[in-house]
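Peer 1: Combine both chains into one complex, guided by the hints.
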Amino acid sequence: MNTTGFTVPQLDYAALLPMLVLFGAACLGVLVEAFVPRPLRRPVQAGLALLALVVSFGTVVLAAGTQTITAGRAVAVDGPALFLQGSIAVLGIAALLLLADRTSDEQPTEAFPLVLFSLGGMMLFVAANDLLIMFVALEVLSLPLYLLCGLARRRRLLSQEAAVKYFLLGAFASAFFLYGVALLYGYADSVRLADLYRAVGSSGRSDALLLAGLAMLLIGLLFKAGAVPFHMWTPDVYQGAPTPITALMAACTKVAAFGAILRVLQVAFLNTRWDWRPVLIAVAMVTMVVGAVLAVTQTDLKRLLAYSSIANAGFILCGVAGLGPAGTASTLFYLASYGFTTVGAFAVVMLVRDADGEATHLSRWAGLGRRSPLLAAVFTFFLLAFAGIPLTSGFISKFGVFAAALDGGAVALVVVGVIASMVIAFPYLRLIVLMYLSEPVPDGPTVTVPGAFTAASLALGVAATLLLGVVPGPLLDLANRASEFVR
Amino acid sequence: MTPTYYLMLAAALFTIGAVGVLIRRNAIVVFMCVELMLNAANLTLVTFSRMNGSLDGQIMAFFVMVVAAAEVVIGLAIIMSIFRTRRSASVDDANLLKY
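The listed protein sequences correspond, in order, to chains A and B.
Note that the first sequence covers residues 1 to 487 in our numbering.
Note that the second sequence covers residues 1 to 99 in our numbering.
Bear in mind the hints are in silico, worked out from the structure with no lab data behind them.
A virtual CB, placed ideally from N, CA and C, is assigned to each residue, including glycine.
Each hint should be verified, as a subset may be incorrect.
Stated by the list, open to error - Computed footprint of chain B on chain A; a stretch qualifies when at least three of its residues, placed anywhere within it, have a C-beta under 8 Å from a C-beta of chain B: (1) 70-76; (2) 112-125; (3) 128-142; (4) 160-166.
If we strip away everything but chain B, and leave its shape as in the complex, we get (with noise of 0.2 Å):
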């Protein structure tokens, strides 16, 4: 039970949802992978706030599931309403703007 491993594994976690959002074309699978990075960030959080034996941690954990909630509806927002537009939620169709 040492601490430790879920460090690693909350790094492992961030990585993969970093690597996620890089690599996925669908806009719901990319913003799941933010969902990823966002909680990877809890559990080293309240991991962290049992090693250093304070609660500020866990409370933390807490603000940023709130925060996380609200990005949710906003982002499903967004994806909707591009969804019905293009009848795609693949991020490479939306492709107007560049260069």
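Only chain A is shown next, with the shape it has when bound in the complex (with noise of 0.2 Å):
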């Protein structure tokens, strides 16, 4: 399509603002690191923040069922992209909120400009009609999170070593993503995802191009994701990073990593779901098992929430895997609601300090029951929530996940699932019983007082977490009706 002349494209302002508001903010933050004096830069960067995700988050709601392709043809604004912009701009607000807080190990202030960045990286992510903008938008969202893992203050040493080799990784996996978009243009002369869908079977090239693309631009994607075996990065990332980042790639990365691939997958490649489900079912199953196994040796209280992480990656594929607007419902469910546990975790895990900070080693924690009661039931019940017991939302979205599977055809991968949650359980209900069952260690952890906006934050996985255990129907409807790609 050799066009001659250059049209300016339609832009649909209105589904465009939840991103626009976001990097403009974000463009903001960088004035305000420059012009306002060092005393007042953190509360008007933490503020400017917050108001510019809630800001972000009304547009959402407001935007709420739009069904628009816009920008040329490279912005899909739907349902799904809604929703997982709706779940990145709350999930963000929690752990913003920890970034914010005066009791965290201080961040420098450029830090918030940077996560506001990065948030609007991954809403761009979630909406990329088109590979090349998927491509730009996954730099936008992970340039910023390389800079973030470095910037601790205490603990340089893991700080800056997590931030290198996220940083080698992600370039190494995005140049795969990259490769694949070009044989796929190579395939289908055109990279937007509509064009693809219809490029399969009709393009005279030959299909190897189609196939080698796909796999290329999967292993970019399943890296973000997390999971096996492009997971090696994440245990060392989450623990070298500042605790409220770490929360932020666990939770919002997340949402943005599986959003582009249900995307992808769905729009483009529907045609095509033979040669990849099985793949997919394969790296599902091994992810769940991998995490889960790997979780039972660990010893860091962040490393086992990184294989955590991964094993909840495995359980999410599931959703993806059931295809059909069934799985792609339970899986929006599934990321939101593994969000709100996640961040809470983390929030957690930054109370309990040593001279030295947070101390994360698991034997540290011995006892912690008697001493402080209260969070000690918090983080219970968010461990409780990670191994999917009844009452929980992580006990409704895995069974949603496994049904979708199960209405797909994959009994094989829920018979996995469901062995890997046993196993998984065992850590944290391991953890449970040092917490409350041990003697407590001389010289213990002290548990810090939470600032407001921790606790406003905790408050935030706490509710949630249980609302969506116990009527989790609201938020259901709401992701089967966003279950729609617009093509």
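Peer 2: Put into structure tokens, the structure is as follows:
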């Protein structure tokens, strides 16, 4: 399609507003960094970032029900995109509250605009209707995260090591993604998802281009999602990064990565599903088993939560492999509910501290239930949600993805999933036993009283985990209604 | 002047880059290998653009160049900061996080 003239694309500003607000506020944050005097910077930055996320969430709510493709067919604003953008905004608020709190290891104030850029990139990532835009969004969300990982003021070596590892591996994975895009461009003469959908089967080029391109694309996406065998970075980065950033990555990046996987597979490659679905099922099985088994052997709490997030990536992949609206809806629900629980869990980790920062070694948590019953109770609740016990959101979401996978005919996947969720319950329960039944260690860690922001984030996590477990109806309805992709 | 040769060259460059990332020890060299992979993708895009007779691929190559430049800025900043604290840019020396 050789076009001679250049036409200005139509922009549907109402649909793009959630992203524009975040990017605008991030640019403003950079200016704040330059012009506002140092003592005022922190409150101004935190206020600006929180305000931007709240406004962005408001614009997502206002745009509810939109089904449109805009900006020269490069951005699709539809049900899943809006649901995921809303989740990213709310989970972003929860993580940002941890970052803004005084009791956290003070991050430099540059962290706030970086977080906003990253969240804006995530919102674009889940709405990208064009593989090139998806690549740009992938970089916009990743590059600030690489920097944020290395920003810790304490434990600087660990933090910088995490940043280097995340950066080198992330750049490696995005190179694969890009080469996949190039091969698919060769196959379909376009990188728009709808054109790829039409080109499958009707393109004159070899199918090798399609399959190799799709495989490389999936490598890039599964890396971001932290699925085995592309999970190696997860524990190191989760452990080394400052805890509020880990919470941001565990909640929001996961939402963004799975949103993009869902869109690419369902919009562009639905007709090749016989080729990719077995691979996806195998990846999901391996991810659940490896995550669950390695979680058992961990001695560091942040690494334990990292392996738990790997196993959860496997559970979410069950929903993706379930295909169809039911699979999409269960994945959307899982992403939102898991995000709240994981941000809450990391908030608890931030509060238990030694002289040199957070006490993340498991042995230090012995007997915490006697010295700080409330915090131990909250953490127990989150762990039970991770384990998928009824009356928590974890149960409803696991049930949803397994039911979707079963409907899709992937019985073996569900069997492996149930076994893996039994295995991974063990480290959680062991931690609960450790907190309540062990003798407290002498000179154990102190539990800091949470500041208002951390307390708000924790309350949000507990409330969401409980409410989505007891009355999941409204959000399930919302996810079901939001499960149609626009092509 | 068959365009296929360029695709093969790009595939070879991509493979060299990927192998380099896996076996080299210096973070800067690893990073250069990633850049080689990105440029291999660029060459593929431009070649397919020529084969398909559309300009899209060449436009995409521009986007990739800009993104790669941004990535260089971030990457060198991170590698510099770890070099300052450790006096080493070897990826083998950064070994505190494991198991």
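Peer 1: Work down the list of hints and note, for each, if the structure agrees.
Peer 2: Results of checking the hints against the structure:
1. 70-76: Coverage by chain B is violated for the region 70-76 of chain A (0 residues, Cβ < 8 Å).
2. 112-125: Since three or more residues must qualify, the claim that chain B covers the region 112-125 of chain A is violated, with 0 doing so at under 8 Å.
3. 128-142: holds (count 4)
4. 160-166: holds (count 6)
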